[in-house]
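Sequence order for the protein chains is A and B. Each residue of the first sequence is one higher than the one before, starting from 1 at the first, in my numbering. Each residue of the second sequence is one higher than the one before, starting from 1001 at the first, in my numbering.
Simulated from the structure, these hints should not be mistaken for laboratory data. As the structure is a prediction and not an experimental result, all values here were calculated from the model. Take these hints with a grain of salt, some might be off.
[Said to hold, decoys possible] Cβ pair distances, simulated, as ranges: (1) A:Leu67 to B:Pro1296: 38 to 48 Å; (2) B:Phe1213 to A:Val96: 43 to 53 Å; (3) B:Pro1296 to A:Trp30: 37 to 47 Å; (4) B:Val1227 to A:Gly159: 41 to 51 Å; (5) B:His1563 to A:Leu104: 35 to 45 Å; (6) A:Tyr119 to B:Ile1018: 51 to 61 Å; (7) B:Val1227 to A:Phe195: 15 to 25 Å; (8) A:Gly159 to B:Ile1469: 49 to 59 Å.
[Stated by the list, open to error] One side only, chain B facing chain A, incomplete, derived with CB under 8 Å: (9) Phe1090; (10) Ala1215; (11) Ile1232; (12) Ala1298; (13) Ser1300.
[As the list claims (entries may be wrong)] Here are some chain A residues pointing at chain B (derived, C-beta under 10 Å): (14) Glu120; (15) Phe121; (16) Ser137; (17) Gly204.
Idealized CB from N, CA, C, for every residue including glycine.
These are the residues of each chain, in order.
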Amino acid sequence: MSAHSHADGQWPHEPEKATLEGRNKVLGFWLFLGAETVLFGTLFSAFLALRHQVGEGNPTPNELFELPMVAAATVILLVSSLTSVFAVQAMHLNKVKPMLIWLLVTIVLGLGFLGLEIYEFTNYVKEGHKFTTSAFSSSFYTLVGFHGAHVAFGVLWIGLLIMQIAFKKGLTVTTASKVYVAGIYWHFIDVVWVFIFTVVYLMGKVG
Amino acid sequence: MDWLTTVDHKKIGILYLISGGFFFLVGGLEAIMIRIQLWQPENHFVSADTYNELLTMHGTTMIFLAAMPMIFALMNAIVPLQIGARDVAFPFVNAIGFWTFFAGGVLLNVSWFTGGAPDAGWTSYVPLATDAFNGGNVHGVDYYVVGLQIAGIGTLVGGINFLATIINMRAPGMSFMRLPLFTWTAFITSALILFAFPALTVGLVALMFDRLFHANFFEVSNGGNAVLWEHIFWIFGHPEVYILILPAFGVISEVVSTFSRKRLFGYSSMVFATVLIGFLAFMVWAHHMFTTGLGPVANSLFSIATMLIAVPTGIKIFNWLFTLWGGSIRFTTANLFAVGFIPTFVMGGVTGVMLASAPADYQYHDTYFVVAHFHYVIVGGLILGLFSGLHYWWPKMFGRMLNETLGKLTFWFFFLGFHLTFFVQHFLGLMGMPRRVWTYLDGLGFDDLNMISTVGAFLMGLGTIFFLINIVTSAAKPRDAADDPWEDGRTLEWTIPSPAPEYNFAQTPLVRGYDAYWKEKMEGKNAMTPAEPLGPIHMPSPSILPLILSIGLFIGGLGFMYHHTIVGIIGLLITFGCLFTRSLIDDHGFHIEPDELHDKGVKA
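Sequences and hints are given; from them, build the entire structure.
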């Protein structure tokens, strides 16, 4: 129905779900995020099981973590979730230019977050907290690094999406579902970060 | 070439069947070699090291490279037909799923030729699987870790594909409570895959980091934890058992009902039981770890939760019996396998309850009793179910009937061979014969039973050979199977030609009740009422990218395994390049016009 009105030149109410292909894509992506949840859940479990195995003479989480910087990274990432919502809203209204700008802002913020994380990791390594140091360090870098890799992948993905829409395909019901799905992905890695901030950093400072 | 680029779910089903069948033969040969080694005490047919490799590869191959793909074969070939869909939700992703599984499977088996296969058991327990225990076999477990990782991608995306297909692409009127049971079990199995496989992924990644980059997840001297591996492995591994068995339950439900000419007894309780089994599958992983030392509270809880699974399983068993009860039963080969399945699976279930009793498990643990139990469940359950399903749906998949005489020979040799092989292993286990050990001493009373077991294994091999002969001889015959060759077909797949045409349904059918086709037959009609007018059908175009993408992963895996980082990165770049290309190229697909709707689809 909505696909029909699109053919009449009208932008559908929910363009990402206007075609069966789009509906499949959105549903399939939610399912994929279910799998990702288990993936991160298992990584969190491994981290929780090993987080006290620091090893003698190595820096403890309490000595290592600098909350102000992690808090700054958190704020950056949370704001980027907001800007991605603005992008999806602009997409719903068929406003291509604001959508592209908001997507661009989102990945710039994502890059800022990654920069802080790289700075943080290099600092830790200088303090003797290497990947191979202890069970704590291995599980720390694996969990936080997996999240970082997801952010990096998201930046790459949304970057390519921007180029695709800006220079090649424009905003159609097909690309709309891609924007929408990328938006869900970005929120997901944001939610995972909230858990990492709590379980890794706050609990590391307190417990 | 056609087969390398196909995105048609029925052809992908056949690809899964061929490669899964091939790995089934490989795993079967490994099993026969294990049985030859054990046919007499202190035998020297293979060395202890080779035995460890055979044992590991037999388990890994059978579970991941034979059983799962053959399930995926049936699911791919049948599920879209049963729900009245033209296609699956993601045809391209479906092809990626097959090719990554295949690349992972080949990679695993390459290990035989490069200095030793994985040898830490299919459970790959640490510290046995860490590089401290490598011996001369430096890369064995690396193959396990990387090969399964690649194959696991295929399984996961396959599961997502089926879930989205069943949720979004059902024909009008095909409500969830009208879904054929095979589709229901495919649905729950896919959900289990979705939530179980990522845990295995993390376990494999952790083990890979330990082995390749000296991480400390399982390195006890640096604070690592070996029990962590057991938890991660079994939170995947237990649901995996139900991933395997649920589709077999689905097949049995279809076959028993068709060949009894009766509606499946207690349909809604069957659905409920399937869902409940799926849920409980995640609650019981620690029953593999009773002797690990989790303590009496954990052991009791997991013991009780495990025994609870007997309730929904019992519901299923009785429903099959009540379906048979009073039916006009036809003992076709498919039905023989189904009827043989029921008592066999009950026996596997009973020993399962025995093992679920934590105190008794201290006696059974790591003996042949456990080996007998899980082979009763997996071979006596899943493989009999698969044989049943293959004989049942063969005409729909290939357009040719299988020979019934050869089919019955297959059944009797396989069925009797199976019981001969594994029934005596219960007693071997109770007498104290340990599993995973390459030989045993004379005079312990194990000799005769082991000999019987080996003879049984050869009979199973003969049964399989009869099946192969059946396939080959039927392939020489013309493709002349009727649309509804069993004449009692109840579900939508029997309303379309055999083999199913490329577009499945010329017109999407209108479903008016459970057992949709049977309902129409009972009202005197011989076809479904269409839900739409005849029109052009949109199809996705074929693509070579899934194959190249998997080759990229294969190269990347090998590169990282042998610490050639550049090769590894090149492999991954190939893979990402394929994904990038895919997103840039528009796939408009093509249309099949109404006047072309005659050619039959799959030609194998």
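These are the hints, each one checked on the structure:
{"no.": "1", "hint": "A:Leu67 to B:Pro1296: 38 to 48 Å", "verdict": "holds (41 Å)"}
{"no.": "2", "hint": "B:Phe1213 to A:Val96: 43 to 53 Å", "verdict": "holds (44 Å)"}
{"no.": "3", "hint": "B:Pro1296 to A:Trp30: 37 to 47 Å", "verdict": "holds (41 Å)"}
{"no.": "4", "hint": "B:Val1227 to A:Gly159: 41 to 51 Å", "verdict": "holds (42 Å)"}
{"no.": "5", "hint": "B:His1563 to A:Leu104: 35 to 45 Å", "verdict": "holds (39 Å)"}
{"no.": "6", "hint": "A:Tyr119 to B:Ile1018: 51 to 61 Å", "verdict": "holds (52 Å)"}
{"no.": "7", "hint": "B:Val1227 to A:Phe195: 15 to 25 Å", "verdict": "holds (24 Å)"}
{"no.": "8", "hint": "A:Gly159 to B:Ile1469: 49 to 59 Å", "verdict": "holds (57 Å)"}
{"no.": "9", "hint": "Phe1090", "verdict": "holds (6 Å)"}
{"no.": "10", "hint": "Ala1215", "verdict": "holds (4 Å)"}
{"no.": "11", "hint": "Ile1232", "verdict": "holds (6 Å)"}
{"no.": "12", "hint": "Ala1298", "verdict": "violated (15 Å)"}
{"no.": "13", "hint": "Ser1300", "verdict": "violated (22 Å)"}
{"no.": "14", "hint": "Glu120", "verdict": "violated (19 Å)"}
{"no.": "15", "hint": "Phe121", "verdict": "violated (15 Å)"}
{"no.": "16", "hint": "Ser137", "verdict": "holds (8 Å)"}
{"no.": "17", "hint": "Gly204", "verdict": "violated (15 Å)"}
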